[in-house]
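S.K.: Protein chains in written order, with UniProt numbering: chain A, 1 to 328; chain B, 1 to 149; chain C, 1 to 509.
A portion of the hints provided could be inaccurate.
As the list claims (entries may be wrong) - Listed next, with one range per pair, are the computed distances between beta-carbon atoms:
hint: 1; chain 1: A; residue 1: S184; chain 2: C; residue 2: V138; range: 32 to 40 Å
hint: 2; chain 1: C; residue 1: L378; chain 2: B; residue 2: P30; range: 41 to 49 Å
hint: 3; chain 1: C; residue 1: E464; chain 2: A; residue 2: K87; range: 54 to 62 Å
hint: 4; chain 1: A; residue 1: D135; chain 2: C; residue 2: K491; range: 48 to 56 Å
Unchecked claim - Counterexamples of contact, computed for chain C against chain B with all Cβ distances above 12 Å:
hint: 5; residue: F402
hint: 6; residue: P486
hint: 7; residue: L492
Quick caveat, the hints were computed from the structure, so don't treat them as lab data. No residue lacks a Cβ here, since even glycine has one placed at the ideal position from N, Cα and C.
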Amino acid sequence: MKINKAFRHCSGLALLGGLLLAGGAHAQSDSTECIAPAKPGGGYDLTCRLAANGLQETGLIDKPMVVSYMPGGIGAVAYNHVNGVRKDDPNLIVAASTGAAVNLALGKFGQYDATEVRWLGALGVDYGAIVVNADAPWQNLDELMADLRDNPGEIAFGAGGTIGSQDWMKAALTAKAADISPKSLRYVAFEGGGEALAALLGDHIQVFTGDLSELKSQLESGKIRVLAALSEERMNGPYAEIPTAAEQGYDVQWPIWRGYYMGPNVDDEAYYTWVQRLTELSEDPEFAELREARGLFPMSRFGPDFDGYVQEQVGEFKALADEVGLRQ
Amino acid sequence: MKLAADRWLGVFLIGLAAFVAVQAVRLEVPFSYDPVGPKAFPLILSLLLAALSLVLVFKPGANGHWPNRALAVKLLAVLGVLLLYALLFTRLGFVAMSLLAITALARIFAASWGKALLTGVLMAMGSYFLFTHGLGISLPGGYWLDGLV
Amino acid sequence: MFDFLIQGFGVALSPLNLGLAFLGALLGTLFGALPGIGPINGIAILMPLAYTLGLPAESALILLAGIYTGAEYGGRMSSILLNVPGDAGAVMTTLDGHPLAKKGLAGPALGLSAVSSFVGATIAILGLTLFAPLLAEVAVMFGPAEFFALMVFAFASMSVMMGKDPTKTAIGAVLGVLIGTIGVDSGTGVLRYTFGMPELYDGIDFVVMIIGLFAISEILLMLEHANRKDSDGDIPPLGRVFVSLKEVLYCKGAMLRSGLIGFIIGVLPGTGASVAGAVSYTTEKRLSDKEGTFGTGDMRGLAAPEAANNASAAGSFVPMLTLGIPGSGTTAVLLGALMLYNITPGPMMFSERPEVAGGLIASLYIGNLVLLALNLPLAGVFARVLTIPRWVLVPGIAILAFVGVYQLHSDLTAIYLMLIIGVFGYLLRKLGFSLAPVILGYVLGGLMEQNLRRALSISGGDVEILWRSGISLGLWIAAAALLILPWLLPKLISKLQSSSKPLEQVEDD
Chain A
1 MKINKAFRHC SGLALLGGLL LAGGAHAQSD STECIAPAKP GGGYDLTCRL AANGLQETGL
61 IDKPMVVSYM PGGIGAVAYN HVNGVRKDDP NLIVAASTGA AVNLALGKFG QYDATEVRWL
121 GALGVDYGAI VVNADAPWQN LDELMADLRD NPGEIAFGAG GTIGSQDWMK AALTAKAADI
181 SPKSLRYVAF EGGGEALAAL LGDHIQVFTG DLSELKSQLE SGKIRVLAAL SEERMNGPYA
241 EIPTAAEQGY DVQWPIWRGY YMGPNVDDEA YYTWVQRLTE LSEDPEFAEL REARGLFPMS
301 RFGPDFDGYV QEQVGEFKAL ADEVGLRQ
Chain B
1 MKLAADRWLG VFLIGLAAFV AVQAVRLEVP FSYDPVGPKA FPLILSLLLA ALSLVLVFKP
61 GANGHWPNRA LAVKLLAVLG VLLLYALLFT RLGFVAMSLL AITALARIFA ASWGKALLTG
121 VLMAMGSYFL FTHGLGISLP GGYWLDGLV
Chain C
1 MFDFLIQGFG VALSPLNLGL AFLGALLGTL FGALPGIGPI NGIAILMPLA YTLGLPAESA
61 LILLAGIYTG AEYGGRMSSI LLNVPGDAGA VMTTLDGHPL AKKGLAGPAL GLSAVSSFVG
121 ATIAILGLTL FAPLLAEVAV MFGPAEFFAL MVFAFASMSV MMGKDPTKTA IGAVLGVLIG
181 TIGVDSGTGV LRYTFGMPEL YDGIDFVVMI IGLFAISEIL LMLEHANRKD SDGDIPPLGR
241 VFVSLKEVLY CKGAMLRSGL IGFIIGVLPG TGASVAGAVS YTTEKRLSDK EGTFGTGDMR
301 GLAAPEAANN ASAAGSFVPM LTLGIPGSGT TAVLLGALML YNITPGPMMF SERPEVAGGL
361 IASLYIGNLV LLALNLPLAG VFARVLTIPR WVLVPGIAIL AFVGVYQLHS DLTAIYLMLI
421 IGVFGYLLRK LGFSLAPVIL GYVLGGLMEQ NLRRALSISG GDVEILWRSG ISLGLWIAAA
481 ALLILPWLLP KLISKLQSSS KPLEQVEDD
């Protein structure tokens with residue numbers, strides 16, 4: 001009995017030791033990973049899946065890419081994680097967007113700023129839109145702007161984000177284009193674009209500053225009117241009828257890019273391998289279909305070009321935030 | 001006379017309410033579109049909490065059954081195991097760490113060494129395969145198990 | 001008029017789709033039953049898979065909808081058996097479900113909850129089929145002011161849960177609301193109680209909250225029970241396995257009312273299964289709990305939230321299918337799935353892609369039947385979970401808790417938070433608090449604050465907006481009635497009785 005017991009203990013310990021060693025040795029693996037800094041199903045998830053599905057289907061990676069979730073502060077948790085823990089992981093990319101750039105500019109990403117990480121590239125872009133109910137009195141942006149100048153307190157704007165979020169920025173920039181301080185707007189912050197859209201359909205708010213891609217179904221039903229697309233030029237397909245703000249004489253643009261970054265200490269070799277991969281992916285005709293299915297428009301900026309773009313954008317947002325007293 | 005647990009709780013909660021209120025007052029709000037703002041709700045709540053806690057201090061309920069020393073040690077042991085599990089979860093990997101944690105927990109819940117180890121091995125491996133292969137959830141550092149199959 | 005449905009049944013009854021509905025129901029039950037892993041994860045994980053397998057749109061949707069409804073069925077299992085809610089909708093299920101299991105009625109409780117889930121879901125699917133477009137119009141009439149009134153109503157209806165210790169119930173609710181204020185303030189973007197930790201920016205996650213509060217504290221309490229000599233035994237007796245027809249009929253009122261309540265709340269975008277469960281439970285307690293047996297293992301207290309959370313799951317399809325607006329987190333993910341197939345939900349969907357709209361609705365009918373058929377006979381098997389020895393069960397719960405939280409956050413801070421909340425929950429329970437008010441305060445408080453402030457930013461500070469519409473006025477009156485009537489009615493009745501007695505006597509003579 002005693003021997004039996006002793007044997008059991010020893011074999012148990014041996015097994016434990018063996019497993020621990022094996023676990024330690026193999027904790028690192030060569031499969032690629034994309035962190036979506038949000039809960040499953042959100043925009044960041046979509047960004048990661050776009051890369052994961054695209055790279056796999058075009059054969060640019062051989063093992064499926066792992067998508068993991070790290071929600072918190074529109075990417076703040078993941079940004080801190082990458083800058084603090086996984087600084088040099090050559091197989092890790094993290095999804096980011098204009099929303100992340102806005103929060104970087106506002107200092108909401110903790111101690112790290114936008115120059116910290118290695119910005120990799122963007123694979124697609126969505127554009128902001130100024131939307132009103134189909135029964136609304138305004139037929140074009142001019143009429144809305146004129147009304148807004150006269151009674152800024154009568155028109156309630158709504159969108160899916162707080163003051164200082166990228167959704168709010170669209171409303172703030174629109175107000176600025178009408179020479180109105182963003183502070184004297186009426187703005188209602190909802191939890192996500194869907195709730196704001198419902199409030200627009202129910203006439204609780206008058207103007208919804210949303211994104212083009214989320215409006216596709218509403219365009220067909222004819223329940224809303226899109227007064228302006230906040231893009232550089234007109235989009236095609238179902239959006240061909242929508243004029244840009246610039247066309248109507250208001251200089252408001254709001255691209256919402258969907259891209260990726262890597263850790264601060266990733267070496268050049270790994271970084272440029274990824275830049276190469278994403279560039280090749282963006283040129284693949286198969287990828288265009290994938291991107292379109294996710295409601296995104298083409299955008300191709302990679303490597304240092306993209307890095308410069310992000311830095312410039314963050315600089316602009318900082319200036320705007322200072323103007324309205326938002327910087328912390 | 002021993003002070004009823006509810007009294008301690010009441011005093012603690014009044015402290016908490018004060019903390020909540022102070023933090024709320026110190027919030028810096030650049031600007032707000034609604035007249036209520038982010039401070040009002042926490043302030044009202046802290047007042048409510050303080051008032052309710054006062055009731056607790058003056059009219060405490062019966063003192064419940066509190067664990068004796070031996071049990072308290074065991075409770076702390078469970079928490080210790082869970083904390084260690086969390087600390088080493090990513091470092092040692094899911095399978096290895098689960099094996100340790102399961103075995104330890106089973107031991108605390110009075111299983112024999114043999115049963116505990118058996119549970120540990122079976123459950124750690126089984127849950128790893130269920131989660132990764134069955135449900136498609138990625139877990140830290142268990143990749144090496146794939147080589148065994 | 002119902003051509004789309006006939007076509008839909010044609011689609012849903014094809015062997016492939018029938019198989020997928022079955023698979024979805026099974027997987028969904030599993031996802032729902034595992035605490036922390038809910039329908040959103042299930043769908044988010046399987047969506048890319050369905051897409052890469054090249055399933056046609058309607059088939060993929062049938063699979064995913066099966067997972068969604070299945071998860072609502074599955075969520076009750078750990079609520080009843082372990083006192084740990086499997087997902088958001090199943091929090092209220094613990095209140096009477098677990099006491100039933102402790103009494104040795106785990107099998108009947110599981111069976112009854114399957115039947116109530118079926119009844120609730122059927123009410124909602126019928127409502128979806130018959131009135132979807134009409135309801136969508138009503139749903140958008142709910143603006144911030146109406147939601148605020150709804151939350152006031154919900155809090156008022158919670159007053160029924162005051163029970164034997166009203167002070168502690170109220171403190172629990174206040175603590176819950178306070179926990180809900182942690183994170184970015186959704187109005188101004190100001191950070192509240194985050195102490196510079198980015199992990200707290202989004203507040204305390206619901207899953208972290210319920211797993212910590214229920215699962216971790218349950219582990220600690222189990223240890224106490226196992227070590228106490230005077231405890232009611234390690235393992236509750238395993239009594240009868242099946243629910244009797246008499247018991248089902250006893251709960252029919254609760255099921256029907258709660259199914260209706262759940263459906264209506266599910267249709268509203270922004271409120272989901274957890275609110276539906278809370279409102280239906282408190283309503284039912286108020287209406288039928290004459291003997292004060294709710295909370296001690298009353299079958300009706302189990303039937304109500306189960307009927308409601310399943311009805312709300314089906315109800316949330318209404319705004320998604322008719323307006324293209326997600327009614328819940330899960331339908332938001334489903335909407336993403338539809339977009340992948342280049343289908344844009346909305347009123348046009350019923351005429352343009354009837355096979356998708358009809359197929360989905362038909363598959364809800366079928367999936368619901370499958371789930372009932374799957375769950376009733378298996379109740380006895382699942383009830384055996386209770387006979388598993390503690391030294392296997394506890395590590396199992398711990399692993400599920402860790403994996404559930406980790407796969408959602410990939411971050412250890414969430415796990416530490418879960419442990420801290422677990423200790424907090426344990427202390428609360430030792431001090432005689434009930435956990436339900438804490439969770440309800442946490443869910444409802446945030447909605448209440450946000451909608452009040454949204455309403456006031458629409459009106460520019462004019463409080464009249466809060467009762468301007470008929471809907472909100474009605475809700476205010478209902479809330480006031482809930483608070484005043486229980487206090488007023490007994491007095492009125494006694495007054496009436498004393499004044500009517502002489503009359504009766506006169507008539508008798």
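S.K.: Each hint needs a verdict: does it hold in this structure or not?
M.R.: Right, here's what the structure says about each hint:
1. A:S184 / C:V138: 32 to 40 Å: Given a distance of about 34 Å, which is inside 32 to 40 Å, the answer is holds.
2. C:L378 / B:P30: 41 to 49 Å: At 56 Å between Cβs, range violated.
3. C:E464 / A:K87: 54 to 62 Å: 55 Å, holds
4. A:D135 / C:K491: 48 to 56 Å: 50 Å, holds
5. F402: 7 Å, violated
6. P486: 21 Å, holds
7. L492: 29 Å, holds
Comparing the model with each earlier hint shows violations of hints 2, 5; every other hint is respected.
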